[in-house]
Amino acid sequence: MKVAGLSTLPPGRRATVSERLGGPLLLLAAVALAIFLLLPLGALLLGAVRDDAGAFSLARFAEFAATPGMATAVWNTLWVAVVVTAITVPLAFVYAYAIERACLPLRGLWRIVGLSALLGPSLVGAIAFIQWFGTQGVLKAWLGETSVYGPVGIVMATVYASFPHALMILVVALATADGRLYEAADALSASRWRKFVTVTLPGARYGLISAALVVFAYSVSEFGIPKVIGGNFPVLAVEIYVQVVGQHNFGRGAVVALLLLLPVLLAFAIDWWVQRRQQAGLSARAVPYRPRPDWRRDLPLLFYCLLLAMAMLGILGMAAYTSLVRFWPYNLELSLDHYIYGLAEAGVLDAWLNSLRIAGLTALFGTPFVFFTAWLLEKGQGGPTGLRPLVRALAALPMGVPGLVLGIGYILFFNAPDNPLNGLYQTLAIMVIANIVHYYTACHLTALTALKGIDREFEAVSASLKVSPFVTLWRVTLPVCLPAVLEIARYLFINAMTTVSALVFLYSPTTLPASVAILNLDEAGELGPAAAMATLIVLTSTAISLLYSFVTHLLFRRHQAWRQGQR
Amino acid sequence: MAHLEITQLTKRYGAFVALERIELAVERGEFLVLLGPSGCGKTTLLRAIAGLERQDEGRIVHAGRDISQLSPALRDYGIVFQSYALFPNLSVADNVAYGLNSRRADRRLVRKRVEEMLELVGLPGSQPKFPAQLSGGQQQRVALARALATSPDLLLLDEPLSALDAIERVRLRSEIRSLQNRLGVTTIMVTHDQEEALAMADRIVVMRGGRIQQIGGPQEIYRAPGNDFVADFIGRGNLLDATGAGPQHVRVGDLLLRCAGPTSEGHRQRFYVRPEDIRLHGTLDQGENSFYAHVLKCEFLGAYSLVTLQAPTGDGRPLVAQFSSNYLCGREIHPGATLRVGIPAEHLRPLPEAA
Ligand SMILES: Nc1ncnc2c1ncn2[C@@H]1O[C@H](COP(=O)(O)OP(=O)(O)OP(=O)(O)O)[C@@H](O)[C@H]1O
Ligand SMILES: [Mg+2]
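Residue numbers (my numbering), protein chains in the order written: chain W, 1 to 567; chain Y, 1001 to 1355.
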């Protein structure tokens, strides 16, 4: 129906300026995500299907298939990932079960130790395992004739590095149990084992699937560990590095990267599909389950946690110890030589400062961008149709893109001479952007969860009161979501500090980050300084985590009056 | 022209029609209640008026201004949601002043206005508190104060009382009504509680499936429902199928009843009797329109008793009667007893043919 009288009203008066801003701003965010995520991936795809002259051809794939050893690398990557998954998930499940479903003393401590591997680059584990089991290793005898340099070391170090990722998911899955089911099982006097099989496992099955897929994807795309401890064992991730950095064969690198992208993307697509089905099953009336003390369950679990925690601290501790002894294993005298040498000559200080700069900028720019985009998406209006689903998809995609793949995409895209953004190549800015994009999904989900948790009608109320939505964002939404914002900042900082994979292709001699420096030091045989650098990173991450805990604690104290029951 | 006039308003969600050609005129200062079962489109209509939901067709004219295509911020209304949507991190004073600050009004004036509004809703002195420190009813009052602080020309309330317990609900509904009377602000309220609607409204709009069923004052809606749905939805009622038997009489099953309206021989008609309009006679009383009925069930509900009767009304449907306790004077009614009851002719209300 045609509405009479409206023609007299200029179209600009139908909405306030700030109301009309939402659509274009979201569009801008979408464009940014497209430029820094979609286009590099597109460049990767194009790079793989073009020959040297630039014409379309599948020659690179044929060439790749014909290369000796490539099939082995694919096979190795897959079976190692399967083995890692099969070890990590049960280990983490029992650990998470002990934390959430048993009455252990020092629950918080077990949790922190369980997550401690996140504080350092994945290389920490590799370095420590070399020290424990390597040619000069203290525990070399445990491995018998097998060398740690190869699949054994890769599996051990990857299990260590991926453990916290599985643990986080499983803790959440086990924390949201419905106590009523256990009461029902008790009422039926079900045995302990039956309860576990009929209630606990089904309740955690989505968490288990999710954890398995995440660990699998982690293992497939992990590059630093096989590089350091893999010896001559070929895997895809290292192959990309060799092709691109060693032989400057970008086309071949693109083909391998696509091959790497496939299983990871598939894993996350399955996970996304499974999680969507789970949401329908959650009941709002669930009563949280409270475990009762029972020594027959608690004692073995306590012992288990103790064992695993000691192993994890042993790994972290070995890296720190390596950085402090003069010359492993011949001169075990403690000294700061590696630090002094590293700081003075091996560029450790510069690399560490670079990392601080990168991590700080990643948190500083990434946090507002992620949160603001999530806000525009969730609370804003306007914009062309299809924009919102597009932004949602763009935000979910990075989870399924390994850092190495993103890195190669960045080289192919930004290093192209006819790209107007070519100036970004090898700057600090591009590393910061790569980090933000690489870790986008988890941050986006954190922001989205926080935004969904607040009243839907804040924007409607402020519109009725003639207050701009941006004012409400600033005065209400942001303060209410501050814990989530801080969490995003911490997550971005620590990941930017510890990541290797995306940055290994993007740094220049002046922007070398600490985590990549470890790799280079290791390659040069400088294990001591490498360990010193790793320890420095762990200490930095720990300091930031402590700062984060302190600030959130303070925040909740100050906002006690209105944050009741929000924690 | 009415203060708020809605013409031919249609809203679809995909193929689902949430509102179908709504026609509604609200007078200045009126308290209008939108009433209907869950999912009938009450909230959708309210949100369309607020501009929070954009209609597919139709227009809305508010105070002579066509607001159909305007964004919420360019319309002139205050709104209270079921969840109250109070800002948890702002004090009560800041919540109430939220719409005042943006106009850069003088600080002192703002403070005075907040004080005034809190006084108005019966919460003087609660400025420094946070919403989490208030009870549900108090939060509701703050939300009301916030919505009214900018002196909007129209007040929209979406189930404002549904989150409160029964006692608080009854207390607050009379408070809201008297507040509205004092301020004279045109108000549209959504509810699915018919008692609330009857108690508060100047006029009630009964809705069902995205359409308006009837518009009228509480008395009118209750006494003369426009169709079966309204009759059934508002209060309890008995439906009687009748055939005309002379100019003033109808036959209902085995009964010959006098009715108020004119009928004609053989004319089929349906009548409607409210339970409380059924009279209890002495057993031997032979009054007009009286007959014997068996008690099937008797529920004592304090102020009144609800009695299910079997009467020769033809279709076998039981008749529900409601006797107030003081009318019964302690007389007890037991299942199985036979009573003589009557339906006064003026309470035998003709019902329009089913739509
Ligand atoms: N965004 C939407 N998309 C699709 N359908 C919707 C949407 N919003 C509302 N509906 C449908 O429109 C109909 C009317 O919804 P509305 O919220 O107006 O109901 P209501 O009368 O307020 O009900 P209640 O008393 O439960 O609040 C419902 O059937 C609902 O399912
Ligand atoms: Mg509703």
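Calculated from the structure, these hints are not laboratory results. There could be a bad hint or two in this list.
With a straight-line Cα cutoff of 30 Å, these simulated BS3-like cross-link-like pairs (lysine-lysine) come out [stated by the list, open to error]:
| id | chain 1 | residue 1 | chain 2 | residue 2 |
| --- | --- | --- | --- | --- |
| 1 | W | K466 | Y | K1129 |
| 2 | W | K466 | W | K452 |
| 3 | Y | K1129 | W | K452 |
| 4 | W | K466 | Y | K1112 |
| 5 | Y | K1129 | W | K379 |
Rough simulated footprint, nothing fancy, chain Y against chain W, three-plus residues with beta-carbon under 8 Å [claimed, not checked]:
| id | region |
| --- | --- |
| 6 | 351 to 365 |
| 7 | 427 to 440 |
| 8 | 456 to 464 |
Every residue gets a Cβ at the ideal spot worked out from N, C-alpha and C, and that includes glycine.
| query | Checked against the structure, which of the hints given earlier come out wrong? | reply | Of the numbered hints, 6, 7 do not hold.
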